[in-house]
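**Q** Protein chains in written order, with our numbering: chain A, 1101 to 1514; chain B, 128 to 611.
Label pairs and their calculated CB-CB ranges:
1. B:497 with A:1140: 54 to 64 Å
2. A:1253 with B:427: 32 to 42 Å
3. A:1131 with B:468: 46 to 56 Å
4. A:1207 with B:415: 53 to 63 Å
5. B:566 with A:1442: 41 to 51 Å
Keep in mind that the hints were calculated from the coordinates and are not lab data. Even for Gly, the Cβ is constructed at its ideal location relative to N, Cα and C.
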Amino acid sequence: MIALRLERRHPLPLWQQAILPLLSVLAALGLCGLLVLWAGADLVRAYAALFVGALGSRFAVLETFVKSAPLILTGLAVALAFRAKFWNIGAEGQLYAGATAATWFGLTFTETPAWLLLPLLLLGSFAAGGAWALIPGLLKARLKVDDVVTTLLMNYIMLYLVSALVDGPWREPVSQWPQSPEIVEAAQLPILLERSRFHLGIPLAFFCAGLVWLLLARTPLGYAIKAVGVNPRAAEFGGIRTARVIAVTALLSGGLAGLAGAGELAGIQFHLMEAISPGYGYSGIVVAMLGGLHPLGVVLAAFFFGVVNNGAQHMSRVTGVPTYLVEVMQGVTLLAMLAALLLLGSFAAGGAWALIPGLLKARLKVGNADAARALSTLGSRMAGPPGGIDPSLHTLHGAPVSGSPGGDAPPDSP
Amino acid sequence: MTGPPAVRMRGVRKRFLDVVANDGIDFDLHPGEVCALLGENGAGKTTLMNILFGLLPPDAGTLEVWGEPVTLRSPREAIARGIGMVHQHFTLVPPHTVLENIVVGTLEVDPDAPVWQLSVGEQQRVEIVKALYRGARILILDEPTAVLTPPEARGLFKALRSLAAEGRAVVFISHKLREVMEVTDRVVVLRGGRVVATRQTAATDPQELARLMVGREVHTPVRRPRPAAGAPVLEVEELVVDNDRGLTAVERVSFAVHAGEIFGLAGVSGNGQGELAEAIFGLRRARRGRIRVGDAALTNRPAAEVVARRVARIPEDRIGVGLLMELSLAENLILETYRDPRFRRGPFFLASAVAGFADRLLADYRVRAPHRAVPAKTLSGGNLQKLLLARALAREPVLLVAHQPTRGLDVAATEEVHARLLELRERGVAVLLISEDLDEILALSDRIGVLYEGRLMGVVPAEEARVEELGLLMAGVGPEGPRA
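So here's chain B without its partners, still in its complex pose (with noise of 0.2 Å):
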């Protein structure tokens, strides 16, 4: 190797209150490489980045960037050495134009659009092009395909393969095997704060990856052959639905879901996924079209009568719309109950009920809490996630619409969320599983529908679906579309 490396980081250690997030490690960024940083949630990939970007300052530890020590005490510190960083929670200013963020390159994105109008997967892109345009040599990109279609993952790897081949030095955060396996040359996996393990890429497969990142063996979900398919439950027709612009968001959406399958709604964010999961929920006006539940009309009904209906929601955004975060475990389990006359004797809450079901929950879900007392905000993302998906799946739900069940959930969590899926489908419970990870798609649906600009691209069988073609069908490149 000529010359000193990008990044030289040595001995890093990082404490937050009771957590050690840095324990400890080296890490080191040649130029000309795409490196992965791979690990769960909680690993202290996020971490590290951070430390290097100027954002946290390290408890101990050296820094050298380009061969001189360095202590970066800002982002602009760091963005000055030519570094560069695409957050996992987006940076930009939300009331700003897309203009007045970056001078716009080419980005498939309305450039006057405010920020904030933006969806999460437009937002990463103007982020990605506003680090690139910075000029930065010493790029850290934290789980930048989420929220991206396989063509467009595919360009933005490209992208990094050309930036590396101009010398510059290109950080992947990632716990996607599929991608660290596609784009980087080397890996190293973190795991409880510790450097575990450094591979080239070359000479590793995911199973070896998953294992170094997990600490086990990991299963994947076992989903057994369709049953006969059940009658419908879910039934959206020519659904129309506007977007918080007052522009179409859903148009003319029509499927249905059965009892006993899950159906899959793939799509890039922003295509009208969360307009439709919202109006399913009773949270956002449908201008034409019908939802029905069983026998009953749902469309333009309040969220309570969904709730009576005993479908289950797991909405996109957790923290915002799913719970009461101030409030204790309990009173969040008990949300959709809380007037069930099991929890009450005369006007009065009976203290008792309500302990005995929140425990009862809290254990069968294996919510890792001290107490059902604690205030929600004290649990991790992925006991936030376990704690919505028991209260949603309490009432024995006829229908569970989950939206994103288990972004930015770490393997053993996301296993979790799969496992219960598919549970549910075995009990005869239909599921509209709203995801942008096409590869949670393929394992867990029976069908899998396409959105793309708020239209239903078309419906094909899991057993019949290839990547290619989904991935056209995101894209916007439909059956009667255009074909190479």
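Isolated chain A (complex conformation) (with noise of 0.2 Å):
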């Protein structure tokens, strides 16, 4: 009849809270060390080299911000939806949207100075991020669609068109595989400190971390988010109309991700393509998981994941261990930190847990080949010696492979 006796908690003290994500980290290094091993590494190396080639130089450490500063903000993005439990799951296709955005701005005013053409662009990717997150959050909010899965299969159509774009209208004449051409140069973020990559994307990321914490600690509408969040019945009851904090809250998650595209668009890559993110949109659930859904927990987080990210190229370099162990990594810690929140009893993983079907699909979807390429590398990095890393297989997003050459390479320095 009860088969499980579970006694709640009572509210968990702070250092509680911070321990949880760090024994998920722990668990997640651990699980992952297995992996190591049996792609026959020595495992202090080759965490040894994952932290060095993060860490280990100015330059690394640069190239590491440059790695979290999008992480930052779909992390900020799904945070501040899982909030008002809006399961905003499609942070990705809202980051292409920005994306695209801040291409169209780079590519259309030609003429106009940077000090106009920047702040257009960046409200203009906010914009179209969160004008695509509202389409499901207006159909969760009025006519109770399903966020998770409206969500989830608005990025494919985001993506898609991102390639019709690519391919068709703003194809580049000279490149071989399709990709925009370079936007003008008033439209590219600047870059603050000299030989790197730290472009003012990055600190932006970390204001709007301060701007969300603003929002959610002191302000009406941060009270709103999570009183709907919580229990939106009794938010309604109270007179907050709950359509319309969804609503809002899918537009400001939307933009943030619009944001992480437009850093990287305008930061990083300088022309529109099919790779753009590394699925960055879906790292940022578990951002914004293992960050407790709080600001500053994502951008510890992020920067936690960005480091695992900068680092991996170089510990595959050094050790031969494969980069994929980065997205097992996420996923291990993903699923640490929801069984220990649901151990807990948290509120959040009540929820989170109707994520795991989505986030499934999400990374089946792509992964059935990817997965394989990765356990048949891992299987070979085993057989033979250490060889090139392949980031047209780094892609975690459902991006139509066709017609995308392996070897397209960002540049790995500048």
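Hints in hand, dock the two standalone chains.
**A** This is the structure we're talking about:
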């Protein structure tokens, strides 16, 4: 009749809130250590290489910031949405919407000075990402359409739109693979530190984290978002127009993801292409959960994955452990975090479990081919010497790979 | 006494974190008796019976069933020994149909309906039949009459008496003295996890039991004679509301609640009260009819507008509809007023203003809580209700709609809620009190209406109301209906 007897715990003390993500990370490092060993590498050497690669030099540290910035923004996007129980797993698509808007600004306004074009570009990217998220937001708020499904599926629509653009009207004629021409220089985010790719978008990401913190902790809108997330019926009863709050949350969430797209496009790539994001939108979910849906936690979690992402290539070069380990580590960290949250009875976990099917879909859809390649690469690493990293295999999203040659590598160094 | 007692519990002790729920309880139950387990919420009644039903392992103590020492590790083992329990919170499987939950006896519910569509009262009736049907020889009923009409309760009591006459043993958990006096042979009074007294029912009276249960004298609410009726504040006209199944739940109901009066709406759960309240709250659409508050038409307006019209609300489902359990007490208290300019400086909250507001309300309404920043979920049921009351009344309401405001509260908390309702009435506020507790309705109301199957069966002034007459109305026998 009753198999489990779970007793409700008192609210978590602060140290436990911090300890939980740390334990999840340790669990992930431990479990992934087994994979490192399976790949035939020395565990200590591999992890040392990971951290040296990410933090071992000025350039490495700055590159870690470069890789953290989009994760901060997508992490904030997901965290803000999840606070209102708007299950936005479409940050990837919203990121591409932002990148597309940035490209449009950078290709259209060829005569506009940077001081005017850059704010317009950022606002435009925010609006584009926000609008893309607003569609599922309104569908949920007005028609109770399942947001996990819609936000996820909207990703594919956006990715195919980008494919169509870069293979059609925006295709750069001289390039051998589909990508847009380079945006004008005035539309490119200025590099703030020389001999690096540390662009304006990076401090902007931290600034956004501060704004989201202020929003949630200090403003009536933030209060309404939390109230709707905790108990929509009670919020409505209390006079909060929940449909409106969900729509506004969706808009802000998508806007943050759109800014991530602007940062990648106008700060790093300068061309729109299918592989502009290695799944930053999906990683944002892991970042948000690991960060406890708190802006400060998101920044820390994003930095951690920035370290892992950035260090993985060095680790791979030194020890031959494939960079896919990064994705495995993200997945394991998320699962460890969810398991811990569930055991501790936190409210977020209840909803987060609902995401697992969606996440699996998102991952597996892409992933059947990728995972197979990942496994075979792992296998070949055990057999032979390490080869170069093929960045096209690094994508997490479902962008069609037809016509996309391997070796379309973004610059590894300036 | 021949033969062993049906149940013999000795030195039962159970502790939850820092609360001792059962502190060395001895309890005997004999075949052929109906024994009341009387006590306030938190006295340990339900915990003791959950131990007997195998739901909770005791920390210490022994248990004998029919003279045989046993350890019950699960309800299944308890059921195998002929113990049946009807819970306060039902254990029916919501998605299944009633037919799947039990093989139906004679009960007045649609046997093909999925359980989630049933009202609380209907579900309880199914529960009682379920336990009886399983042929339990020891039957535990946890506050079974809360949702029954007086005639139905009397029917249940008759059934309990005949079960006892067959040699079964019945435990009747309650804090309602009238029922305890009516149906039981013996009363065991619990307070603070201990047995404070055992009485033969015939040798005691309600006053003594109340004193034993609460540990002090109990005051009944004093309702001063009604001042001249004020202007109508809430006007409901020809209102038609559907339930979740799309069936008519409220059928052309019309009434008015005037300033300075308490209008009591009696009726058994599931007769449209919930739908009516939700329509007034702005949480459910009215198919037809009108709702006005003062000079504002509020038919099918969002809850936000109802709130803005200074309508204070106490919902039946406090946790599901009323409160934000994961948020702090202060955040719960400002739910209806968070956009008020006095809480703001520029775009930000003025933390000191919010804190001052919350602290004042927590003190005024004597909410027992360590701090305004603790989450609401750490409070007890009575304190949660005070929190809701504080929020609802903080804004000088013109109308209070209170749906089951004392359900599940202990005597002290109930007294306090009643006092607040009467105080509002004195101040000229219109109060709509929707309750299934006829005693409460009779004690507080100036006028009484009865809902039966969505229809208003009649409105009588409180001075002229008699329990028997109201009971007949609650059972659907109207003035124009068949008379005995």
